[in-house]
Structure formats: structure tokens, C-alpha cells
Amino acid sequence: MNENGKPKFGMYWASSCGGCEISVLNIGEHILTVDEVFDVVFWPVATDFKYEDVRGYPDGYIDLCLFNGAIRNSENEEMAHLLRQKSKVLVAFGSCAYEGCIPALANFTSREAIFQTVYLDSPSVDNPGRVIPQPVTAVPEGQLHIPEFYNTVKSLDQVVDVDYTIPGCPPEPHQIWAVLQVVVAALTQGAELPPKGSIIGAKETAVCDECLHPKSEKKIFRFYRPYEKVPEPGVCLLEQGIVCMGPATRGGCGALCPQVGMGCRGCYGPLGGVADQGARMLSAVASVIGVGEPEMDERMLEREFETVMDTLVDPAGTFYRFSMAHSLLKRAKIKD
Amino acid sequence: MNNEQFEPVIIGFTCNWCSYRAADLAGTARVKYPPNVRLIRLMCSGRIDPTFVLQAFAGGADGVLITGCHPGECHYLEQNLKALRRTMLLQRTVAQFGIEPERVRLVWASAAEGVYLANAITEMVEEIRALGPLNWPQVAALNGKSHVLTPAIASVVVSEELVEAAI
Ligand code: SF4
Ligand code: SF4
Ligand code: FES
Numbered sequence: 001m002n003e004n005g006k007p008k009f010g011m012y013w014a015s016s017c018g019g020c021e022i023s024v025l026n027i028g029e030h031i032l033t034v035d036e037v038f039d040v041v042f043w044p045v046a047t048d049f050k051y052e053d054v055r056g057y058p059d060g061y062i063d064l065c066l067f068n069g070a071i072r073n074s075e076n077e078e079m080a081h082l083l084r085q086k087s088k089v090l091v092a093f094g095s096c097a098y099e100g101c102i103p104a105l106a107n108f109t110s111r112e113a114i115f116q117t118v119y120l121d122s123p124s125v126d127n128p129g130r131v132i133p134q135p136v137t138a139v140p141e142g143q144l145h146i147p148e149f150y151n152t153v154k155s156l157d158q159v160v161d162v163d164y165t166i167p168g169c170p171p172e173p174h175q176i177w178a179v180l181q182v183v184v185a186a187l188t189q190g191a192e193l194p195p196k197g198s199i200i201g202a203k204e205t206a207v208c209d210e211c212l213h214p215k216s217e218k219k220i221f222r223f224y225r226p227y228e229k230v231p232e233p234g235v236c237l238l239e240q241g242i243v244c245m246g247p248a249t250r251g252g253c254g255a256l257c258p259q260v261g262m263g264c265r266g267c268y269g270p271l272g273g274v275a276d277q278g279a280r281m282l283s284a285v286a287s288v289i290g291v292g293e294p295e296m297d298e299r300m301l302e303r304e305f306e307t308v309m310d311t312l313v314d315p316a317g318t319f320y321r322f323s324m325a326h327s328l329l330k331r332a333k334i335k336d
Numbered sequence: 337m338n339n340e341q342f343e344p345v346i347i348g349f350t351c352n353w354c355s356y357r358a359a360d361l362a363g364t365a366r367v368k369y370p371p372n373v374r375l376i377r378l379m380c381s382g383r384i385d386p387t388f389v390l391q392a393f394a395g396g397a398d399g400v401l402i403t404g405c406h407p408g409e410c411h412y413l414e415q416n417l418k419a420l421r422r423t424m425l426l427q428r429t430v431a432q433f434g435i436e437p438e439r440v441r442l443v444w445a446s447a448a449e450g451v452y453l454a455n456a457i458t459e460m461v462e463e464i465r466a467l468g469p470l471n472w473p474q475v476a477a478l479n480g481k482s483h484v485l486t487p488a489i490a491s492v493v494v495s496e497e498l499v500e501a502a503i
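Going down the list, the sequences are from chains Z and Y.
Under my numbering, read the first sequence as residues 1 to 336, first letter to last.
Under my numbering, read the second sequence as residues 337 to 503, first letter to last.
By construction, these hints were calculated from the structure, which means they are not laboratory data.
Note that the structure is predicted; figures quoted are calculated from it, not measured.
Positions of the beta carbon are idealized from the N, C-alpha and C atoms, including for glycine.
Hints may be right or wrong, so weigh each one.
What the hints assert, rightly or not - In silico negatives: residues of chain Z with every beta carbon more than 10 Å from chain Y:
1. Thr47
2. Gly56
3. Glu75
4. Ser124
5. Pro194
6. Lys203
As the list claims (entries may be wrong) - As a list, the in silico SDA-like pairs of lysine to any residue whose alpha-carbon atoms are at most 25 Å apart:
7. Lys335/Z / Gly395/Y
8. Lys215/Z / Glu462/Y
9. Lys219/Z / Gly408/Y
10. Lys215/Z / Arg383/Y
11. Lys219/Z / Gly468/Y
12. Lys218/Z / Lys335/Z
13. Lys218/Z / Gly395/Y
14. Lys335/Z / Gly468/Y
15. Lys219/Z / Ala191/Z
16. Lys203/Z / Leu328/Z
17. Lys218/Z / Glu409/Y
Stated by the list, open to error - Computed footprint of chain Y on chain Z, listed as stretches where at least three residues anywhere in the stretch have a Cβ under 8 Å from a Cβ of chain Y:
18. 256-268
19. 305-313
If we strip away everything but chain Z, and leave its shape as in the complex, we get (with noise of 0.2 Å):
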């Protein structure tokens, strides 16, 4: 704290979409209190600060810096480090920072790939010079420099020590409100703050748990993508066929998609004690397939499970659509 007393408030956009930025909004008239209470000193969304001020910044000056956006390439990291020296509790906010979310799914593919495709493929392109972006570029005045592009997406808390995570793509504004109210009050009365390392704004139990779809046993004999079928409301989506991430999510949304008919896509992350999502998911999904007897002979057994997964479109982009950097096996392996 400084001249006016006031705690520091950082926020900052790695590789994300900027949807978090505007969930911390979404907080409605209480933004008022949190300027009220804190001192914006790094924002680039919302405010005109250069990364020279934050360099010029006292090691730990920042009191909360949430730190949105997946690590993608070395600017990315280089201010993970920046921002973990200038602030004292330091916040993975939302999933690209906690587990490499949408961004990550890139981790399926290479950067030669992702390049060929944005740069030269795309239909859209107009490239006659087949340029391709590089790090240093050589011109008459001197040389030009962008920040490296990673083969491989990384969390937040893959490349820098992390105080604290609130999950959800974006996180829920009721949520973060309630984080923020605990760092306020740590902050201006003493009060105390959670266990460095836990994942706030949640809960620890599954989406299933606050979903208030009556629940059955699940007997699948196809799955359907969403476009495939108009969900029966009031029912467990999982129990029509289709795929809800429910079973293998973390709470604290309160079940926002399956109540209107949307299989939960998974965006809070693996639930409490799960250390991969994906293969939590493949257990329940596996689980729920209904046909098949014990009696049938082995053969005719596999072609009728063969049956039912092939109506199971991308299971791997399905069950890590948001946890792949964090998953167990953190990328796919290119041939070469």
C-alpha cells in the first residue's frame, strides 16, 4: 500500500478470449466497491497502464493480481513472471489460466500445423508471399521482434507458482463477488485468507450434485450431438444420449447449461480429488452404455459397444475441451 492507503488491483489477459474481463464486470454495481476499496494499478482491458509501469513497480506491490489467459507464447509467460514478482497473492482466473481451456485444445496439433492453416490454408487468406509470422525479422532500420509462439499451451500455474484458482469459463459473477468479498475483508480487517493452493469460487462436488434434473439409471444406446436432438426437459441430458460433462465437473455454476437443455461442457474443471477430467468423463460415459450381455460371445460383444462409440463424435476434444494442459497427458503426439 501507497500514498493513498489503498490496496493494488491487477488484472491482466494472457492467452483468453477477454470473456473474463467482462465476468469481473458483470460483478454489476459492486465494481463500484471494488474501486471503492482498491487502487487500480494494471489493467489493460479497463485502464492505460504499459508494462514499463508494472517493471517499475516494488517486488509484491500488487495486494491481488487475477491473471487471466492461458500461456501461448513467451509474452504470455514473460508477464506470468512479471506479475508473480510484483504481487503478493497472485490468482489463476478462469480456466485458460487454471487448466488451458479453449487454447489449449491447440495442444492437439502443432505450430507448423496451426500456421499452415491460419497463414496459408484458410480460404480466407490472402498470402501470395506465403509470409509466416517469426520471431526476428530482419529490416533496413534493425531488427523486429514478436513474441515467440509455443508448440505447447501451458496453465498459469505450469510456469509460475499460483496462489489461488477460481475456476469456470468465465467464472460466475455471484462468484467472484465472493472471492473478492473474503480478499477485501483479509485486507482490511485482518481477516484470514484461504489455504494457499486452494480452488475458490467452487465447489468440490460435481455439476450433477446442483443440477435439478431428476436423476435415473442410465442406459445409452446412441449418443447424440447437440444439433441431433431437442433435449426433453426435465430430464438428465446424459440419460437421452447426450453428452453432459456433469458427472466429472466441478460445481459453482449452479448447473447453468444442463437447466437449459446444454450438456455442461465441462468448464469448471475437474471436481475435487479428480486429477484428469477427460478420463473421469471416459469412466462415466463408458459406464452409461446400455447394451451388450455377459452371455453374448466376445466378438459380438465389441461390435455392439463398437456401435454405440461411433455415434460418440471427438471423444478426446469432448472430455478435455477445457482441461487439456492440466490433463494427465498435457498434449498430443506429433508424427514426424
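Position chain Y with the ligands against the provided structure of chain Z, taking the given hints into account.
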């Protein structure tokens, strides 16, 4: 690396009832099988959590073998069918990660099938020797180069055909 000299590391999860006994029988009958499999005994193949398999790969295993009682003979009713469904779905999932599905294998063996199990193990070891080392810790650390599209993208293409067929 020369694949002739490569000794694959295979983690084997066996059910306590039929298949562990089969492995035991192979041992007491002095049926030879290669020492590449490190066996971990579970009460039932249904106890297999896909996490175990992924953990084995992430930790550097080249293959994972799961053994259980034949369908209809599981001591916990139909838990082995669950193991089969998990294994099959896992094979599809790891294929998208660029891991050959043959690296995950499920073998049914009754307590009397010691020789059969020993042969299945030998076969798997040779198959994985031919595939070569997986070396996942190095894959996960990748920040280098490549330009070939992964099976993840290939499989999306296949799936679109499937959807079209369904329409
Ligand atoms: S699977 Fe989805 S729809 Fe079914 S109970 Fe769980 S969260 Fe609700
Ligand atoms: S239901 Fe699932 S996808 Fe939807 S907000 Fe909640 S955790 Fe995220
Ligand atoms: S007891 Fe052997 S597979 Fe279930």
C-alpha cells in the same frame, strides 16, 4: 533407437480371480513369458480407472495390459464388461493423442489359461517392440517442430462422414 534392443515397459493390471491366477499358473508351470510386464493386482478388471492407464503412459510406460475374467465369469457380475467399454473408449481417446491403440490391450484369461495368457503377453511385447518407445515425458515437454496433422484432426474428418451417413 534400434527396436531389436528396445525393451518395452508394460504395466499390467490383472484381476485377482481368473487372470492373476492364470499369470500365476504360467509361473508355476514354468511357461516362459518376457519380463517386460510389471503386474499390479486389482480385485477385478472393473476397478480399472482410465486415470491409471494415462498415468502409466505419462510416467513413461510403453504399453498397458489389462486382464480380466471372460465375460460371464466376472466375480462381480458385469464389472468386466465395464472394463471392456472403458478400454475400447480409451483406445479411441488415446488414438487422438497420437498413441497407437495397440498400446492398450485387454485380455480375458480364465484361471486355467496360463499358457494362453503367457502367449498374449509375448505377443503384446513384440507388437510394442515393433511400435517403438512411446517416451511420453519427452512428448509432453515438446516445444519443437513438426508439420504433420495429428489423428485428432483426421478423426474429425472421419466423424463428419459418419454424421453425413447418419443424415
Ligand atoms: S449428467 Fe448433466 S443433466 Fe444429468 S444430472 Fe448431471 S449435470 Fe444434470
Ligand atoms: S454447466 Fe458446465 S459448462 Fe455450463 S457453466 Fe457450469 S461448469 Fe460450465
Ligand atoms: S473378477 Fe475378474 S474381471 Fe471381475
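Cross-check of the supplied hints:
Look at Thr47/Z: its CB is around 33 Å from the nearest CB on chain Y, clear of 10 Å, so calling it non-interface holds up. No Cβ of chain Y comes within 10 Å of the Cβ of Gly56/Z; the nearest lies about 31 Å off, and the non-interface call holds. Separation of Glu75/Z from chain Y is adequate, the least Cβ-Cβ distance of about 15 Å exceeding the 10 Å criterion. For Ser124/Z, the non-interface assignment is confirmed: its Cβ lies about 19 Å from the closest Cβ of chain Y, beyond the 10 Å cut-off.
The Cβ of Pro194/Z sits about 27 Å from the closest Cβ of chain Y, beyond the 10 Å cut-off, so the non-interface label holds. Annotated as non-interface, Lys203/Z keeps its C-beta farther than 10 Å from every C-beta of chain Y; the closest such distance is 21 Å. Taking the CA atoms of Lys335/Z and Gly395/Y, the gap is near 20 Å; set against the 25 Å cutoff, the hint holds. Only pairs whose Cα atoms come within 25 Å are accepted, and Lys215/Z paired with Glu462/Y is rejected, the gap being roughly 46 Å.
Proposed proximity of Lys219/Z and Gly408/Y is supported: the alpha carbons are some 20 Å apart, at most 25 Å. For the hint linking Lys215/Z to Arg383/Y, the alpha-carbon distance of about 24 Å falls within 25 Å, and the restraint holds. This hinted pair does not check out: Lys219/Z and Gly468/Y have alpha carbons roughly 39 Å apart, beyond 25 Å. Pair hint Lys218/Z plus Lys335/Z does not hold up; C-alpha atoms about 38 Å apart against a cutoff of 25 Å.
Restraint check for Lys218/Z and Gly395/Y: not satisfied, since their Cα atoms lie roughly 34 Å apart, outside the 25 Å limit. Restraint check for Lys335/Z and Gly468/Y: the C-alpha separation of about 13 Å stays at or below 25 Å, so the hint holds. Of the supplied pair hints, the one linking Lys219/Z and Ala191/Z is violated, its CA atoms being roughly 49 Å apart against a limit of 25 Å. Using a Cα cut-off of 25 Å, the hinted pair Lys203/Z and Leu328/Z holds, with the two alpha carbons roughly 22 Å apart.
At roughly 24 Å between alpha-carbon atoms, Lys218/Z and Glu409/Y fall within 25 Å of each other, so this suggested pair holds. Counting residues of the stretch 256-268 of chain Z whose CB falls under 8 Å from any CB of chain Y gives 0; the rule of at least 3 is not met. Closer than 8 Å: that is the beta-carbon criterion, and the stretch 305-313 of chain Z has 7 residues meeting it against chain Y, so the requirement of 3 holds.
Violated hints, in rising order: 8, 11, 12, 13, 15 and 18; the structure is consistent with all others.
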